[in-house]
Amino acid sequence: MPDPMRIRATAKDGVADVRVLMAHEMETGQRKDAAGKIIPAWHITEVTASLNGKPVLAAHWGPAISKNPYLQFKIKGAKAGDKIGISWTDTKGEKRTDEATVS
Amino acid sequence: MNPSRRQSLQAASGFGVYAALVALGLLPAGPAAAQQFASAFQTKSIADTLKALGAGAPAESKDVIINSPDIAENGAVVPVGVRSNLPRTEMIALLVEKNPNALAGAYTLLEGAEPDVNMRIKMGQSSDVYALVKADGKYYMAKKEIKVTLGGCGG
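Going down the list, the sequences are from chains A and B. Position 90 of the first sequence, counted from 1, bears residue number 207 in this note's numbering, the numbering being contiguous throughout. Position 26 of the second sequence, counted from 1, bears residue number 235 in this note's numbering, the numbering being contiguous throughout.
Bound conformation, chain B alone (with noise of 0.2 Å):
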């Protein structure tokens, strides 16, 4: 019996709730935005993720930019950033496809932030890397390859 699996699944349908009663305003997003992005980090392919961040479908935006080199030498030490350019962008998270796990990190913004972060992130080989971002509600993301000379997850 794996217990990841179990508390995972006790996440994703406490999440269920919680969701319903923040779209309702009844909530603040807080604690419930932790627990969402807590699950969303036990996923391990793209749709799982898109899925346990309520993401759904989102549509391809070229108003979403992802800034990196090509070609990483290092997968351990992989500079990324993402721009959005959408108004009312409230939320930038970073997929790698091929990943143990995809979400590297999701970034809540609030009042006053910028939707630019720049980050370094680990890749275990050369793969794609998306870009989702929540603007007024709805989400978008872009996508980029990224080649890795080599790999970050090693050991």
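Pulled out of the complex, with its shape left as it was, chain A reads as follows (with noise of 0.2 Å):
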């Protein structure tokens, strides 16, 4: 089982800033080990943020984003105590699915 994300969320004036800190290795399938072989592709391909249950973003993500990858953005009309899903999927299918509520 993959380790829990970091969420943090707070709102200000009605729009919500969401953070996210995922725990992945991102390997780009580019790199070689010790013996000369190359590392297999292992990255994130898809995430989804949702509010309340109601999807808002959904991001497609490549081998170029950063290990342990970070992403921020911005909901509307959140507020506190509002819930915010998030989830990832891998190359490996592998899942992980976290909530946090907006303070």
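Listed next, the in silico DMTMM-like pairs over lysine to aspartate or glutamate satisfying Cα-Cα at most 25 Å (straight line):
#	chain 1	residue 1	chain 2	residue 2
1	B	Lys347	B	Asp257
2	A	Lys171	B	Glu323
3	A	Lys129	B	Asp325
4	B	Lys356	B	Asp337
Please keep in mind that the hints were generated in silico from the structure rather than gathered at the bench. Just so you know, these numbers come straight off a predicted model, no measurement behind them.
Quick one: dock chain against chain with the hints and give me the complex.
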């Protein structure tokens, strides 16, 4: 099971600022190991964000996103107490979903 | 024979039909959009990526803003933000010209999301970075050069 995400969401003037830090290797498939063999690609491909269960943002990622990806975005009309859900899927089909409350 | 070439060819041919159906409103954009982005991630050059995204020749716009340092010390972690001031922005994509695959990330904005996203990307070397924005059915873009002192794709 992958490590949990860290999600911070703060509401200000009717806009929620959401910051997410995911724990993932994000291997590009370009690097070689000590024996000269290519390390296969392994990275997050899809991230979806929802506000109170309603999808607001879908991110499509390639291997060029940094290791332990950071994502920041803004949601209009979100207020304190609202639920932010984030889930990702990687190239191995692994998934992780976490939830946070807007403060 | 290169299997990925075969797959991307198939994906590309299937995509045309999907795009037409989505444009007509016959299909929800979800799975088609995912397939479109999957084929766009296979492309290498900026021009091919734009083609795979169906963007054609986007107009340069001052309302698309790339927020990043001019010089990144570590190419493995380059913070980049893209903001659009265009009304009805529905998609934001970030392309790095000199990376092995130009497309770094793309964001589909649904109702409620502000056209303002920040991320951290890898850059192999100093390069021009393009932000592509789809607003109200049209494509716009902005360009910025980011210098990298230490590449992020080595090993």
